[in-house]
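S.K.: Chain residues, written in single-letter form:
Protein chains: 2
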Amino acid sequence: MNSTFQYVGKDLPRIDAVAKLTGDAQYTDDLHLPGTLVGKLLRSPHAHARIRGIDVSKAEALPGVKGVVVGTDAPIRFGILPAAKDETALAIEKVRYVGEPVAGVAAVDERTALQALKLIEVDYELLPAIFDPYEALTREDVKIHEGCKEANVERRGSLEFGQVDAGFADADYIREDSFFKEAITHAPLETHVALANYRDGKLTLWSTTQVPHSVHRSISEVLEIPMDRVRVIKPTLGGGFGGKGEPFSFEFVACMLSRKCGRPVKIVHTREEVFLSHRGRHPMHMKLRTGVKKDGTITAVVFHNLLDGGSYGSYGLVTLYYSGQLLTLPYSLPAYRFDAARVFTNKPACGALRGHGAVGPRFAFEVHLDRIAADLGLDPLEIRRKNALQPNTMTLNELRITSCGFEECLEKASQAIGWEERRGKLPRGRGVGLAGGGYISGAGNAIYYNPMPHSNVNISVDRGGGVTVFCGASDIGQGSDTMLALVAGEILGVRPDAVKVVSADTDTTPVDLGSYSSRVTFMAGNACKSAALDVRGKILAIVAEHLGVAAEAVRITDGVASAKGCERTLSFAQAVVLAESKGAPIFGSGGYTPPKMGGSYRGAGVGPSPAYSFGAHAAEVEVDEETGVVKVLRLVAAHDLGRALNPLAAAGQVQGAAVNGLGEVLLESHVILPGGQHASPSFLEYKMPTMLDVPDVEPILVESVDPEGPFGAKECGEGSLHPSIPAVINAIYDAVGIWLHNAPITPEAVLEALRKRKTP
Amino acid sequence: MNSTFQYVGKDLPRIDAVAKLTGDAQYTDDLHLPGTLVGKLLRSPHAHARIRGIDVSKAEALPGVKGVVVGTDAPIRFGILPAAKDETALAIEKVRYVGEPVAGVAAVDERTALQALKLIEVDYELLPAIFDPYEALTREDVKIHEGCKEANVERRGSLEFGQVDAGFADADYIREDSFFKEAITHAPLETHVALANYRDGKLTLWSTTQVPHSVHRSISEVLEIPMDRVRVIKPTLGGGFGGKGEPFSFEFVACMLSRKCGRPVKIVHTREEVFLSHRGRHPMHMKLRTGVKKDGTITAVVFHNLLDGGSYGSYGLVTLYYSGQLLTLPYSLPAYRFDAARVFTNKPACGALRGHGAVGPRFAFEVHLDRIAADLGLDPLEIRRKNALQPNTMTLNELRITSCGFEECLEKASQAIGWEERRGKLPRGRGVGLAGGGYISGAGNAIYYNPMPHSNVNISVDRGGGVTVFCGASDIGQGSDTMLALVAGEILGVRPDAVKVVSADTDTTPVDLGSYSSRVTFMAGNACKSAALDVRGKILAIVAEHLGVAAEAVRITDGVASAKGCERTLSFAQAVVLAESKGAPIFGSGGYTPPKMGGSYRGAGVGPSPAYSFGAHAAEVEVDEETGVVKVLRLVAAHDLGRALNPLAAAGQVQGAAVNGLGEVLLESHVILPGGQHASPSFLEYKMPTMLDVPDVEPILVESVDPEGPFGAKECGEGSLHPSIPAVINAIYDAVGIWLHNAPITPEAVLEALRKRKTP
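These protein sequence lines are chains A and B, in that order. The numbering used here applies: residue 83 is where the first sequence begins, and numbers increase by one. The numbering used here applies: residue 83 is where the second sequence begins, and numbers increase by one.
Simulated from the structure, these hints should not be mistaken for lab results. Hints may be right or wrong, so weigh each one.
The list treats identical chains as one, so a pair stands whether inside a single copy or across any two.
[As the list claims (entries may be wrong)] With a cut-off of at most 25 angstroms between alpha-carbon atoms, the simulated DSS-like pairs for lysine-lysine come out as follows:
id, residue 1, residue 2
1, K664, K620
2, K376, K468
3, K664, K678
4, K468, K494
5, K284, K92
Based on the provided sequences and hints, a complete structural model is requested.
M.R.: What follows is the structure, given as structure tokens:
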């Protein structure tokens, strides 16, 4: 099927790989401007306190200190979502978590800056602090934020589709379960860094951000500088995973300090500061109630979710919405009710992390489903097959499903793990498990309301045959620059490894909304395709004229333009020369706006996403009943990504996401201790899986060829996280007959469950 | 007249001024890549020698040396002009001047690199060397280059227009004079620097070049790397003046070494190496014969010119052509013959320097004309008025004159200096002098034959209202980036100081042929205007639709779009949002190709330039008859630049050029001693005027409003050099009654002339 493509479907090493290997790649902290000051943030030692006053005079008087800023210097609120602008650059009236930035200092060196922080006197009035979301629900006496209608509930969400009560009435069997998914954090290898340079009314900010456009808008608003005087550049980025996906205090403070001092200011987060900044996975307290027929056909589902949001809104609205809306994937549910609340607690705010919103619910539902299967004596594979979502359907909650390779994922994952031969048939202590999943390919709605494209691409072509793609999309390590080169190369008929990509610089690249919600390949890819078609159209018309053939007859293959039945050919560069000889440079533009996707939910006319990915993972585990230690021996990750534009990169994304999931199920906990201190604010304490902790994940790329995605491609790097967690838990049941409802699992929890287990 | 413009005609500080003042601006030597090696060139100690062999083994064996390259590693010839590709990256069979690069070394530090140079053993066979151009004409036994048909004559040029013999027959008076103009060199404050990085088949070169496109093409040819794998970037440049206007040995060698070593390589020229690289003014040995009527009307001119080209072709063909063709400016000549030869000598090659080609001839002709006036008892102002070129004429040598403000320049310069009151009326030792001039505004023909635009511009517009201009033009300190911002701002109705300019990067900016021949404002300005009109058209149509008015009714003024009779307005950013809401980013492209300019000279159908600038300078001098020292007390520089887009910048260019001219007449000599050693290879020895050596030049901007130039603009920064030299020499005659035919003048020459003078 891929034979119609020149480059799509073939392995393409990253175009930035050599630069990263040689050290040519410039990360933000590699940048230096003459006279750059060191910026540092003073952070709150209290989880909840009123700020009665801040005295910076001693800090300002310290030789070498060039400027100090506090919250009142920039009181305008910001937030990644227009509906949740509840942050300020620095705390003004209150601090709401341990680590919240209260003041910023710029000094000639780090030592002086740190010394200055100690000289800032903050007069705090301690307030009662809340660390438990259930407590947050009821403590009307403690208001972490003013304006919550109900105690500390930031937001509730309630949705009902179909006849839920009738569904349960119709069920042969009903099961209820509770689950808890602990927070994890992103832990990118590169910490957050900003270099700001305010000169002559213009501001340039280099920052480790996944969302240069949002940072551009927010900096402009908060610092009250027109957008056309602000430039935001994302240099090479050392990992995002959602953790650099919104404007942060340090970005504003670097800018404020630079404006105040008249010199460039760089702020580099320590590892501890990255942990304190967080914005990672929401802890979720979940309840599921599901009715099924005897054969496993689902008749109704009710899902309750309490999200512990931490101290600010961040992406939480979306987390809550995704957690409910995406639960219906990848199964066909006839009736569904969802009730959720996101509450504030005095902890670092939670936000978006790879697999955003759907990780907890997917873990819960897939284990819940296995329990139902076990109760009814059904094969977990079979119950999934029976309820599997089909292509070209609309879910009851109005997700427009176009391509859908879920069944193929189920088949391929189960075959690869040897489901038939191994499920229930392995020696005691060994077991296999299966789980499904589904995710979005970008959001149908822009992150702030606007009628413009979600992604834009410009392409210029040089008379030497060079092709340069300009796009605001942020390569955060996921390889989006390489994807853009591939798409442009495919359309233009030039080798993708020769295509240059300029990305994520608000002065030179057109807007892309950012790297979140698995939108970049789908949306920037489509925009790039459109821009490349624009360029190709201009060139082909002129080549056709030159060769005396119809434009439709001209093909460009590996840099050579030719036409059927015409002996003459032109190199791509020669074709460009012909085109440029008409009097102007060769240039193309394209934008991508998701289509109106039918459905009428709340009048929006759009579902969450223009396309959905699907997946099924199968795990084989070994449980040590003496120690409680679980070892994952194999993980097969089948993922329907529509089309593997670059199988090498896609496989890497699937493997990376699955390993992330293995970390979530086996090791990772981002926990704030009572009192507000971080339990594990360093890599010594925060346990992520290393290469030695996980098996080689076996990726299986399933190509359902999406009608809307670029060349049929859909999401790949997030949805392939979800099924890992329940697949492992379900495999543990197969191995030793215990059910674990909390993730991550711990040896203690395994031992406890083994103790409580009835004889299997 | 300028009231129809928003920004054109108003002083605009350079958009890069703050960056240069603060140190934010990155010059090539400010750039660093990890693992960069230090590159050094071994230069010939001989002026003319055969290379029998080069042994680099000892150098290669020195610890810390990572690579050595020699000429045979890259034997393909290059040269800025396709008709004179006579150079190789490193000398192969012969060296032709002292300082010619013979080998390149890359090492871990400078000390090691320099030590390695000493270990390279070159086996030279000395050849007779020629340093005198007259000797070069006749020494058939010494062939500096093979293939010269006649001794060492690189090229002869002979042109005749009108009836020259008849013109002389018709003359009442005929005068012959000989003149000599010595070489000067560019002496930019920043020396030549290249940083090359070859990685994975792709090469990036950051270089101090005025011609990134030519370097791009040449690197691709010589290193045999496709153009689409080569990127050339000109960082902030510290002065060019023509001295960085062609591909140089060090650029190729840095690339060769990087490819060989697999690491970045930087080569930084010492000041001495810049002197040795030269490519500056050709020494010219000139003879003029002119016939006039009694009233001063010119009847015929014959001009002989012997150009000492040094060792290579460089721009010499153009120098020779300009020296003859542009002599006819700014006067109306009925008959003209020109005979010239450019010869090779064993000196650093001469090339282009500010005022290229026309400096020597203009000096000669303007003094010659004053002598004729003196002989006939005519006023030098009057003889110039009488013969002055008029607008909208074709010169006899087929220069298409459109706008021409020469007479206005004459009037204004003479009035400003107080000509009527002072000429011939000042105390002994004081005098005033006048001279005219004219120059091109870019070349009519591309520097290599191609049918594409000479300059291209792309403009992208951001939804925040930001405007970014992409152009290959090189800002070499002359302010072309600011010009592009101004032109785009004027057309789009946004403040030019907010317009961003990305320039001179072959990956991201469309081709401009380079900064030479005073082409940038005219050509890149026109391309930018065209691209901005493209953008404006897209925006206005949509604004008009929104406001319900005709597109022609919409104006954008200082960032606000409005229409007559319509109360609603839109900010520029809002207008962009409307436009982008149609589904693609807002983008425009434009190119500029000079028009076919009539005339049939040699069938080219184009004269040298699409427009000509004109000027007249008036000087007042004081001559110390005891010491021979001449002091310029005032210099008035009237220059017809068509339109002063940015009077602040234009005045700076006129002043800078005039000061350059004062250096040429009073101080500067770039002399190679017999034997081939440079007479003054440092700033201790090479005398350039400092601020204390020259008066405040008084610029007078004359606006003739050219029909083809952007907003009527023409050349400004080169033509305003020419008249300074003869104006001073003519003033010296007025002061003390002596004629000086050699420039620079020296106190010795003044004293010698005073001794020989008849009583005035």
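S.K.: Would you mind marking each hint as holding or not holding in the structure?
M.R.: Okay, the hints, checked on the actual structure:
no. : hint          : result
1   : K664 <-> K620 : both (11 angstroms within a copy, 20 angstroms between copies)
2   : K376 <-> K468 : within (12 angstroms within a copy, 112 angstroms between copies)
3   : K664 <-> K678 : between (38 angstroms within a copy, 15 angstroms between copies)
4   : K468 <-> K494 : within (16 angstroms within a copy, 95 angstroms between copies)
5   : K284 <-> K92  : between (44 angstroms within a copy, 21 angstroms between copies)
In terms of the numbered hints stated before, the structure departs from none.
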